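Quick mapping for you: the protein sequence lines, in order, are chains A and B.
UniProt numbering applies: residue 1 is where the first sequence begins, and numbers increase by one.
UniProt numbering applies: residue 1 is where the second sequence begins, and numbers increase by one.
For the record, the hints were derived by calculation from the structure and aren't laboratory data.
Given the structure is predicted, the values throughout are model-derived calculations rather than measurements.
Treat the hints with caution; some may be incorrect.
[Said to hold, decoys possible] Distance ranges between label pairs, derived from CB positions:
# : chain 1 : residue 1 : chain 2 : residue 2 : range
1 : A       : Asp106    : B       : Arg131    : 53 to 59 Å
2 : B       : Arg131    : A       : Val42     : 54 to 60 Å
3 : B       : Val128    : A       : Ile57     : 54 to 60 Å
4 : B       : Leu218    : A       : Ser27     : 30 to 36 Å
5 : A       : Arg87     : B       : Ala143    : 23 to 29 Å
6 : B       : Lys186    : A       : Ser27     : 43 to 49 Å
7 : B       : Ala143    : A       : Pro51     : 34 to 40 Å
Built from N, CA and C at the ideal position, the CB exists for glycine as well.
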Amino acid sequence: MLIIQVVLIIAMVAGGAYLLVVSPVNSRHLALRRLGLLAFVVFGTAAIIAPGLTSEIAGWVGVGRGTDLLLYLLFVAFLAFVATTGRRQRQLERQLTVLTRRLALDEAGPPPQRQADDSVRR
Amino acid sequence: MAAVHDTWVVVPLFNEEPVIGDVVRGLLDVFPNVVCVDDGSSDQSAREAEAAGATTVRHALNLGQGAALQTGITYALADPAMEYVVTFDADGQHQVSDAVHMVQRLRDDEADVVFGSRFLDSRTRPGVLKRLVLKTAVVYSNATTGLHLTDAHNGLRALDRKVCEQIDIRQNRMAHASELTQQIAKTGGRMVEQPVHILYTDYSRAKGQSLLNGVNILTDLLFK
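In isolation and in its complexed conformation, chain B is listed as follows (with noise of 0.2 Å):
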């Protein structure tokens, strides 16, 4: 697979020392330009990533993974060569594969954006209690953007360049997913969804969204 020289692949990194090398190598095998927003981690995150080959931004302060995200679009938009933006996860259960045929979508034209989904397939297999989570917020998100999604909170996207120039993350902590689908849905932007295998490792389940943060994703949704 050849290089893309036009894609940024933008990482929100927060404690994740033990897999962000891993993670870092395997996406620059196929991305040249991988950034890590180091969103104030207290540990040596930063200095994995950047180890491992990639350029990273870092947050003074904890501010969230939104936050991380917008900061990390917006390093990437400096780029007058960039044409398309990934977003990656930092530990490690997404598939860099996965991201070079989204990318490969956005390239065909055939879309603007395009959402990595966890519920298009059986690959990934999700506990019960985090299926609900995720369900909920899907309904939800859809009631707001009149969308169809299947996923609204996965961490794998691929967005052009154009979406990238209009969008404006606020919400600072998990609810962005959500935000970042409205906006896009306010640019007409067109989107597709592209089923994603998830990789539920014990590491990344330990740190997962638990059924309690899904209450702060509606109140921060509900009061901005």
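Just chain A, same shape as in the assembly (with noise of 0.2 Å):
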């Protein structure tokens, strides 16, 4: 196996287990996925100025052509991006829960109080 496939693959699969299920949402989280956002944006530049330089990258770690290792990064970045995006929502999701029902359970009023309503009916 080349080693780009074992890098990109084992990248993936820690990347994709520790955004789903280990890291908690902080601040040196946002941190990280910003700083790689930065890279990104460098290596994207560095790509549209110098086209040589990703052919020449990728034959550093094995890669055939620049265009290939291009799309494995666009393929790890994306599946960041679903991961982390689909943590936000689950996050939106359970705060949307407890905001509606705690709407609900004021605008219902407390259950009514059965002797009070006994006396009432009779």
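Combine both chains into one complex, guided by the hints.
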């Protein structure tokens, strides 16, 4: 197996597992994501300015063409995006649930007290 | 049958306008406390339920059956006289007489939770596909809880107050049934099953769980 294949597969599985299960949402996590994004922008810009660059890097890590390397990296980035978005969505849903429940219960008021009810009926 | 004032029947309600009135009236014949949790229905379900005499609690948004159940249980817990909660589907497939028996078993202190099961006798006749989906859910549920239930996704249950105080349903959609059994198993509550009759009408069949929804349930459980 090529080095790049091993590296990408490990990165994907580990990254996915980390984002889905382990990582708490905190500022450290957010900072890492932003740094990752920054690196991505730098890399993308460099690739545009010097088209030969991606092919050269690809050669170092054992991928034939620079376009393949880009495809793999985009794949990883996309999976990371799906994972973080999914997590964020679950958190939002949780908050929305708590809010909606609070609202519904407050609107309904407390359950009728049975004794009082009986005396009214009598 | 004497009215049971210490029992709240929780009915998660979502777009069941044609049948909810009859379901509520049937329940009120026996159980004076019925709360319908209207889960953001787009039809007149909530009004029908209220007109039939149920208390209604309304979600401003559609959240799912699990969320509606938890809201109903939280509501019932606010009644200090509440000793038992029955969960009952809004589509008319459950029998009130089954619910009465289940509460009686709690009253006799036979268990802390009574689950309805449609597979304990031959009265209920689900189709082959439905049976397959339900049985898969049972296998998964038993594997994760270490319990031996025969029907994991039955909407008819009776819980005593202690159990209600301890559970916290966080699965908004259909995966709540497995979550509920997991939580009860964790608290060490005593569980028994009660054979119940599920009436599959054309109406309920049209609204039932599809095979594909089984995929959703599994995903929800794996990635909470």
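Structure-based check of all given hints:
1. Separated by about 42 Å at the C-beta atoms, A/Asp106 and B/Arg131 break the suggested range of 53 to 59 Å.
2. For the pair B/Arg131 and A/Val42, the beta carbons lie near 57 Å from each other, so the given range of 54 to 60 Å is met.
3. Our hint of 54 to 60 Å for B/Val128 and A/Ile57 holds, since their Cβ atoms are close to 56 Å apart.
4. Checked against the hint of 30 to 36 Å, the C-beta distance between B/Leu218 and A/Ser27 comes to roughly 33 Å, which is consistent with it.
5. Distance hint check for A/Arg87 and B/Ala143: the Cβ-Cβ separation is about 26 Å, which falls inside the suggested range of 23 to 29 Å.
6. Separated by about 33 Å at the C-beta atoms, B/Lys186 and A/Ser27 break the suggested range of 43 to 49 Å.
7. A hinted range of 34 to 40 Å for the beta carbons of B/Ala143 and A/Pro51 is inconsistent with their spacing of about 53 Å.
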